[in-house]
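J.: Assemble the whole structure, with the sequences as input and the hints as a guide.
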Amino acid sequence: MDFFKQYIKIMNYALMGLVFGFAFFYLLSNAYHYLEIRKDFYADDNTQLLFNKINEKMDHITQNISKFNSTTYSGNLSSNRMLAIQSNLQTCVQKFNNETIQSIQDMKKISIIDVYRLRESYENDIFNDCIVYNLHWTTTVTKENFNSSYLIQNQPLIQLYIESLRTETSYLKKDLINNSSYFYNTSAASFIKHNTKDGFYEVMSSYNKAASFVEYISDWFAGEVEGIYD
Amino acid sequence: MIKIINIILSFLKMIMLLVCFVFSFFIIVNMYQRLDKNIGDSIYNFIPFVLLFILFAINFVLRQKSVNQCLFYNITCCLVFAFILFAVYRTFMDQNMIAIIRLGYHINFNYFADIIAPMRAMLYILCLSNVLLMIDGIDFSKKVENGE
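Going line by line, the protein sequences match chains A and B. Here the first sequence is numbered in the working numbering, starting from 1 and rising by one per residue. Here the second sequence is numbered in the working numbering, starting from 1 and rising by one per residue.
Since the hints were derived computationally from the structure, they do not count as laboratory data. One thing to keep in mind: the hints can contain errors.
Said to hold, decoys possible - Each computed DSS-like pair below joins lysine-lysine, with the alpha-carbon atoms no more than 25 Å apart: (1) A:Lys5 with B:Lys65; (2) B:Lys65 with A:Lys9; (3) B:Lys3 with A:Lys5; (4) A:Lys5 with A:Lys109; (5) A:Lys143 with A:Lys53; (6) A:Lys197 with A:Lys108; (7) A:Lys209 with A:Lys53; (8) A:Lys209 with A:Lys173; (9) A:Lys39 with A:Lys109; (10) A:Lys67 with A:Lys209; (11) A:Lys108 with A:Lys173; (12) B:Lys3 with A:Lys9.
T.: Okay, structure coming up:
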């Protein structure tokens, strides 16, 4: 009987040790995860520089758009077409000055939730509303429907650029949505980076790339108005 | 000293078990409601709580020293409940988890769903340990002597 009781005792302590270990692991893992997603990022000069860069591009686009005058225009494209493109570019500028980016620009402390909102605004305002709704025509121009050899020649480049804008923040989106799971901090990719800071710079670089694309189209637009591509 | 710690931990584990049960019940029932699932199916999640409560009550009423005075068991119980309570706190209060915004609820079901399986496993093992400690506490030698 003693042997039986000893055996039960050993088994019991082994079980308790197992639960103790698991509970300890889960508690520490959760505590780490709690602290990890609480990490804020304090805005500095570099952050302001990024916003300034985008704002400068927007100013340049606005200048390019204002060059068009339907009464004096005598280029390859029809005036109506040029007016539509001008309106597309104007909408893009408005979308770039969306509420989310305006509010984040004034923030001193940026949290992971702000990064998530910024990424959502990139997807909705910039990619969907600006690139897809207003500038997607740049990928479908042909000799038959568009009389501008410059855009037709550069179409493969434009398509590649838009594709990169579409996929660039998808990894970040997955990462941010999964931040409710404690598996989040066991993934190597999350472990080696500051989620808020790196996530912020990732979205801002996409914003910057999208702004560059709109600027590129607006440069072509200004050139078309001035008769450079004739 | 150990005796006093054990008494404190024995009461603490009882209170913590009740608090854990109440909050887990609230979260899981809401979770099932949100998914339009039959709430009756959620009962499996509460069985280990009820079992453990019955066992604690038996330990308390019968004053079983083998369980009540086992420091390792008491600490392990409190650690498990501390983990569950921390998870409950985060389910309601941690506003840095994106799912709480995306789902639009004030309870982060997405996070708590990850906790249910380990929570059940640990509670079942605690039940088993409790029973084994009870068996360990039975003095078979006396009964053998009485039988002779």
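J.: Take the C-alpha atoms of A:Lys197 and A:Lys108, compute the straight-line distance between them, and say whether it is at most 25 Å.
T.: holds, 13 Å
J.: Regarding the pair A:Lys39 and A:Lys109, is the alpha-carbon distance no greater than 25 Å?
T.: At roughly 10 Å apart (the allowed maximum being 25 Å), A:Lys109 and A:Lys39 satisfy the hint.
J.: Take the C-alpha atoms of A:Lys143 and A:Lys53, compute the straight-line distance between them, and say whether it is at most 25 Å.
T.: violated, 35 Å
J.: Please work out if A:Lys108 and A:Lys173 have their alpha carbons no farther apart than 25 Å.
T.: holds, 23 Å
J.: Is it true that the CA of B:Lys65 sits at most 25 Å from the CA of A:Lys9?
T.: holds, 15 Å
J.: Take the C-alpha atoms of B:Lys3 and A:Lys9, compute the straight-line distance between them, and say whether it is at most 25 Å.
T.: holds, 20 Å
J.: Regarding the pair A:Lys67 and A:Lys209, is the alpha-carbon distance no greater than 25 Å?
T.: Cα-Cα ~24 Å, so holds.
J.: Is the Cα-Cα distance between A:Lys209 and A:Lys173 25 Å or less?
T.: holds, 18 Å
J.: Is A:Lys5 close enough to A:Lys109, meaning Cα to Cα at most 25 Å?
T.: Not OK: A:Lys5 and A:Lys109 at ~60 Å, beyond 25 Å, violated.
J.: Keeping to a limit of 25 Å between CA atoms, is the pair of A:Lys209 and A:Lys53 held or broken?
T.: Roughly 11 Å between the alpha carbons, so the hint for A:Lys209 and A:Lys53 holds.
J.: Can the restraint linking A:Lys5 and B:Lys65 be considered satisfied, given a maximum Cα separation of 25 Å?
T.: holds, 16 Å
J.: Has the given pair, B:Lys3 with A:Lys5, been kept, meaning a C-alpha gap of at most 25 Å?
T.: Satisfied, since the Cα-Cα distance of roughly 23 Å is no more than 25 Å.
Of the numbered hints listed earlier, those contradicted by the structure are 4 and 5.
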